[in-house]
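2 protein chains.
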Amino acid sequence: MFSVCRLAAAKIIDGVALAKEIKDEVKLEIDQLVAAGGRHPMLTVVLVGEDPASQTYIKNKMKACTYTGIESRSIFLPAETTESELLKTIDDLNNDDSVDGILVQLPVPDHITERKVCNAVAPHKDVDGFNVINVGRFCSDQMTFIPATPAGVMEMIRRTGIETFGKNAVVCGRSKNVGMPLAMLLHADGKYETNAGDATTTICHRYTPPEQLPVFTKTADIVVVATGIPKLITADIIKEGATIIDVGINRIKDEKTGKTKLVGDVDFEEVSKKAGYITPVPGGVGPMTVAMLTKNTLMAYKKEINFD
Amino acid sequence: MFSVCRLAAAKIIDGVALAKEIKDEVKLEIDQLVAAGGRHPMLTVVLVGEDPASQTYIKNKMKACTYTGIESRSIFLPAETTESELLKTIDDLNNDDSVDGILVQLPVPDHITERKVCNAVAPHKDVDGFNVINVGRFCSDQMTFIPATPAGVMEMIRRTGIETFGKNAVVCGRSKNVGMPLAMLLHADGKYETNAGDATTTICHRYTPPEQLPVFTKTADIVVVATGIPKLITADIIKEGATIIDVGINRIKDEKTGKTKLVGDVDFEEVSKKAGYITPVPGGVGPMTVAMLTKNTLMAYKKEINFD
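Line by line, the protein sequences give chains S and H.
Using this note's numbering, you'd call the opening residue of the first sequence number 134 and step up by one each time.
Using this note's numbering, you'd call the opening residue of the second sequence number 134 and step up by one each time.
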């Protein structure tokens with residue numbers, strides 16, 4: 134009867150609302166540019182093959198483009214397209230002045246080298262930030278197109294008012310399009326062009342021994358998890374009041390209903406009772422990724438980045 | 134009388150001996166290539182201005198070149214050289230087929246943009262690994278010229294037989310030519326071309342609160358420190374048996390003799406009683422840096438990296 138009962142629940146970061154906020158800002162700026170006589174920005178998405186998940190992603194991206202006033206176009210190429218045919222398509226888009234942003238939806242079929250395709254997209258149209266020149270610029274703290282998912286995570290943290298400076302951050306997962314750039318954004322120097330976080334940052338990954346992971350997550354003020362492992366982050370391994378950002382998207386079978394449902398890498402139900410801030414899945418990082426793509430496309434249109 | 138008295142001292146990693154081992158391998162290979170009718174590899178170093186430290190570094194690099202059979206040439210330009218004059222010099226070297234490796238000794242004078250200079254060096258001759266394309270390749274786990282100091286640190290770890298896989302590593306310092314690439318080499322996937330370490334890796338830096346640094350260093354199996362702060366790493370904040378790699382080079386006044394002496398960032402005297410392995414300063418990482426430069430120059434000569 135005399136114990137203090139803690140019922141505080143985490144504040145849920147609403148990715149849908151934040152994404153709308155960003156898209157509205159992009160839309161407003163495009164409206165003004167168009168009202169001033171400019172043309173609409175233009176994004177071209179290229180898909181090779183018929184991967185259904187890719188088709189869904191593209192549809193969501195197109196929808197966000199329409200909303201913000203970005204003209205969008207998709208080029209669907211058959212699965213048997215050769216690498217050189219794809220490179221030719223990209224080259225044509227590079228040379229087409231009406232195209233501001235180019236995005237080749239990954240994965241590409243096995244007979245095509247992904248790295249070659251990413252590098253073929255002209256750096257100033259590379260809204261995904263996967264061209265090696267943009268990776269190098271980013272890792273050198275130079276302004277560039279930051280891949281949309283890590284950029285979206287940082288934007289969530291910033292807009293929610295969560296402090297990163299001097300804090301402890303843990304990134305679980307070291308993929309080149311999410312984990313690695315996140316670690317870069319969290320640890321690097323905030324005074325340079327990438328507006329990084331100045332946090333002490335730990336990168337955990339598949340070879341972090343299971344008994345070691347909690348050593349790091351328990352010290353963390355911010356945990357970002359992008360591993361594809363449902364319930365990797367449980368309440369017992371986080372610090373009370375920490376910020377938990379869940380990048381995972383896993384389709385699992387709901388034991389009660391037997392239906393497939395979408396979950397992240399965090400045990401949301403339990404962790405949300407202990408964390409300070411938490412993102413849901415769906416409705417967290419996902420919508421932010423799409424919103425950041427419209428922002429990158431607007432940047433490409435405005436030629437804001439100096440590639441000299 | 135019944136207490137166990139621990140007198141174990143750390144094994145000191147002899148950077149001079151390891152560097153000689155590497156240079157001897159480079160020399161042997163060059164001897165064979167030349168015996169088979171090849172020309173000698175050729176490194177050109179460019180220095181703008183008369184910074185005495187830079188001159189010493191260049192002298193050491195030249196000496197290692199001579200030892201290994203690499204022809205070397207220095208171009209000394211006056212401090213008032215304009216940026217475009219320097220870029221023209223680099224361009225000439227890029228187009229000179231007799232030059233395999235180009236190194237612009239940093240820092241350049243303030244009126245010259247360092248980033249522009251680094252990017253001007255052709256990627257396939259960029260033995261320092263500072264061109265943005267090489268930074269991007271490296272951070273994407275692609276084979277490339279890895280900057281000589283972090284490459285030297287990893288080589289020390291490997292040749293000493295220190296395990297990194299699944300271990301905890303802490304990097305103190307986040308500079309783009311040492312700390313950041315070290316964090317990349319330590320954490321990334323060993324199955325790719327950079328032969329990275331698969332360690333759980335924490336990046337600490339100037340904004341890591343002083344009371345937080347020990348939290349991480351005490352868990353670390355490997356600590357690499359590159360901060361320019363003498364005695365940042367003391368015996369009380371490391372784990373017994375850990376590997377301590379000291380990249381720091383600080384000139385301080387010896388309190389006893391009044392003379393200037395060279396020290397690292399580690400309290401060597403005390404830490405060496407507790408660590409498992411430790412590198413001295415001088416004679417640790419420094420010689421490794423120079424040795425790795427000869428290795429990179431040989432790679433450039435052999436055109437081992439596919440930049441397509």
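Just to be clear, a hint being listed does not mean it is correct.
Copies of one chain are not kept apart here, so a pair can be met inside one copy or by any two copies together.
[Stated by the list, open to error] With a straight-line cut-off of 16 Å between C-alpha atoms, the simulated EDC-like cross-links for lysine to aspartate or glutamate are:
1. 394 - 344
2. 309 - 326
3. 351 - 373
4. 144 - 402
5. 394 - 184
6. 249 - 274
7. 249 - 441
8. 435 - 400
9. 386 - 184
10. 351 - 326
11. 249 - 218
12. 407 - 373
13. 309 - 322
14. 392 - 402
15. 392 - 164
No lab work stands behind these hints, which were simulated from the structure alone.
Bear in mind that the values here come from a model prediction, so they are computed numbers and not experimental data.
Homo-oligomer pair classification [residue 326, residue 309; C-alpha up to 16 Å]:
between (20 Å within a copy, 14 Å between copies)
Is the C-alpha distance from residue 249 to residue 441 at most 16 Å within one copy, between copies, in both cases, or in neither?
between (22 Å within a copy, 8 Å between copies)
Evaluate residue 394 and residue 184 at a C-alpha cut-off of 16 Å and name the case that applies: within, between, both or neither.
The answer is neither: 20 Å in one copy and 64 Å across copies each exceed 16 Å.
How do residue 394 and residue 344 come out at 16 Å by Cα distance, when the copy is not named: within, between, both, or neither?
Close neither inside one copy (29 Å) nor across copies (43 Å); limit 16 Å.
Reference check for the pair residue 392 and residue 402, CA-CA at most 16 Å: within, between, both, or neither?
neither (19 Å within a copy, 63 Å between copies)
At 16 Å max between alpha carbons, let me know whether residue 144 reaches residue 402 within a copy, between copies, both or neither.
within (13 Å within a copy, 49 Å between copies)
Up to 16 Å CA-CA - residue 164 versus residue 392, copy category
neither (42 Å within a copy, 68 Å between copies)
I want to check one pair: residue 407 and residue 373. Are their C-alpha atoms no more than 16 Å apart within a copy, between two copies, both, or neither?
Intra 5 Å, inter 34 Å, cutoff 16 Å: intra-copy only.
From the Cα coordinates, with 16 Å as the cut-off, is the pair residue 351 and residue 326 best called within, between, both, or neither?
neither (31 Å within a copy, 33 Å between copies)
If the cut is 16 Å between Cα atoms, do residue 309 and residue 322 qualify within a copy, between copies, both or neither?
Classified as between: cross-chain Cα gap 11 Å, same-chain 20 Å, threshold 16 Å.
Homo-oligomer pair classification [residue 218, residue 249; C-alpha up to 16 Å]
Answer is within; shortest intra-copy Cα gap is 13 Å, inter-copy 34 Å.
Within, between, both or neither: residue 435, residue 400 at alpha-carbon 16 Å:
neither (41 Å within a copy, 52 Å between copies)
Of the numbered hints stated above, those contradicted by the structure are hints 1, 5, 8, 9, 10, 14, 15, listed in ascending order.
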